[in-house]
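2 protein chains.
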Amino acid sequence: MDSAIGVFDSGVGGLTVVREIMRQLPSENVIYFGDTARVPYGSKSKDTVLKFSKQIVRFLMTKNVKAIVFACNTASALALEEMRQEIKVPVVGVVRPGARMAVEMTKTKSVGVIGTDATIKSGIYNEYIRQLDPNVTVVGKACPLFVPLVEENLLEDRITDDMVDRYLSELKPYNVDSLVLGCTHYPLLMNPIKRYMGDAVTLVNPAYETAKELKNILEKNQLLNQKLDTPAYEFYVSDGVDKFKAFADEVLPININSVNVVDIESY
Amino acid sequence: MDSAIGVFDSGVGGLTVVREIMRQLPSENVIYFGDTARVPYGSKSKDTVLKFSKQIVRFLMTKNVKAIVFACNTASALALEEMRQEIKVPVVGVVRPGARMAVEMTKTKSVGVIGTDATIKSGIYNEYIRQLDPNVTVVGKACPLFVPLVEENLLEDRITDDMVDRYLSELKPYNVDSLVLGCTHYPLLMNPIKRYMGDAVTLVNPAYETAKELKNILEKNQLLNQKLDTPAYEFYVSDGVDKFKAFADEVLPININSVNVVDIESY
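Protein chains in written order, with the working numbering: chain A, 4 to 270; chain B, 4 to 270.
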């Protein structure tokens, strides 16, 4: 089935999920929406994130997508379960795949989760991880400055190292051996986080597992694209085409051709 | 005239302007709107900031405000002049008052301006300052991480000092003797900025001058409130009542009673 997969995020972070979909599902067409006019979501309330997510899903449905990926931890945490009933195509979030991988990786039964304020306060990683294994201890830590640091492209910077040190030092006493990067921006800070946590801690990037789950679901529903054309990638944003394109060209393995602006509030 | 003054900002920063209005115009009623669902504006495009500002002005007009204050540098820079014609009440922004004060203060004829990406890129401070005195050199520097640092309440923190050092070191070679705090969040970073720049540099907080200009305009238009009741302050936001209230109670000299949520996209 050659309809596209719809993927969305509050901004550019979800491109780390698109990157994985391109790798693992190289025949699939993808339509991405980044809500760059209203980014960030991680400091906002459940009502607002739910409202924004509903508008975006309505927009993606106008494109006849065959599946929808909530490529945003905050939207996955605050809006996905409440919206699942009303979405008529298969839906995948990033939280459940991330939780599953964390449980698979941990030997000490102590898992760390970092994310936005909203994601951490929702307690959703804790809930999913303990559904899978009630013996696992989950330590959550909100890292609200990581997103602006990524958006300012301070990926390798002394100030970023200082913030990593500040936030992650609170996890040290818990001897976590796997750490979920519970925000789609965070894989871009993989290097400073790895330096601080050391080699003994596995960093879990839910993007990889999310693409894998998406593949399983498409297979199970016989929705995989059988055509062998070059896949089409379409990008939509609510603001700032040039800034988005520059970021996408850094994150993705291809240069993207066109980015279109959508009046998302009208959906 | 006892109609309220309408004041808006992308979020909480404009409360530094409300604080000045409370001081200089203690008999005036104020209605404040903070666009906390879509904050920040400073990284967004002109089209988006214009659209958001129009929705907010339409909302404020439903409250029969007698004047409107754009208490946001980004909205003042990107939207105010284009909207001035269509607004039927007096309008005051923060940029022109800030520019005027900077020109009054400088002796070296070298003025620094710090603000969001959008404000600095607009070149509006440069334009206004050089209209007032073409001999003044204006050096602008965008400081995009200052807003998230303020929102995380890291007002006195080593990391904030490091960012101040990083951004402001670029101004040092220009020997500016006055520095405009061209974002309503920045007065909350007055202390670290003052420490870095030293006593020889005057920090210009446009909030003070904006309230003064507002007072002049109300007087000239015979719009001052003549009633001697205790003034009423109403606060509206697009998201996150509790977070806003906590912030307001720190910034304002009074504890605020109620904050209401507005569906701003519907205006």
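Take the hints with a grain of salt, since some may be wrong.
Identical chains share a label here; the pair holds if one copy fits it or two copies do between them.
Stated by the list, open to error - Under the rule of at most 30 Å between Cα atoms (straight-line distance), these lysine-lysine pairs were calculated in the DSSO-like manner:
#, residue 1, residue 2
1, Lys218, Lys66
2, Lys175, Lys223
3, Lys248, Lys112
4, Lys230, Lys54
5, Lys175, Lys246
6, Lys49, Lys218
7, Lys57, Lys110
8, Lys230, Lys144
9, Lys69, Lys110
No lab work stands behind these hints, which were simulated from the structure alone.
Predicted model only: the values in this text are computed from it and were never measured.
Self-check item: Ascending list of hint numbers which this structure does not respect
Solution: The structure conflicts with hints 2, 3, 4, 7, 8, 9, although it agrees with all the remaining ones.
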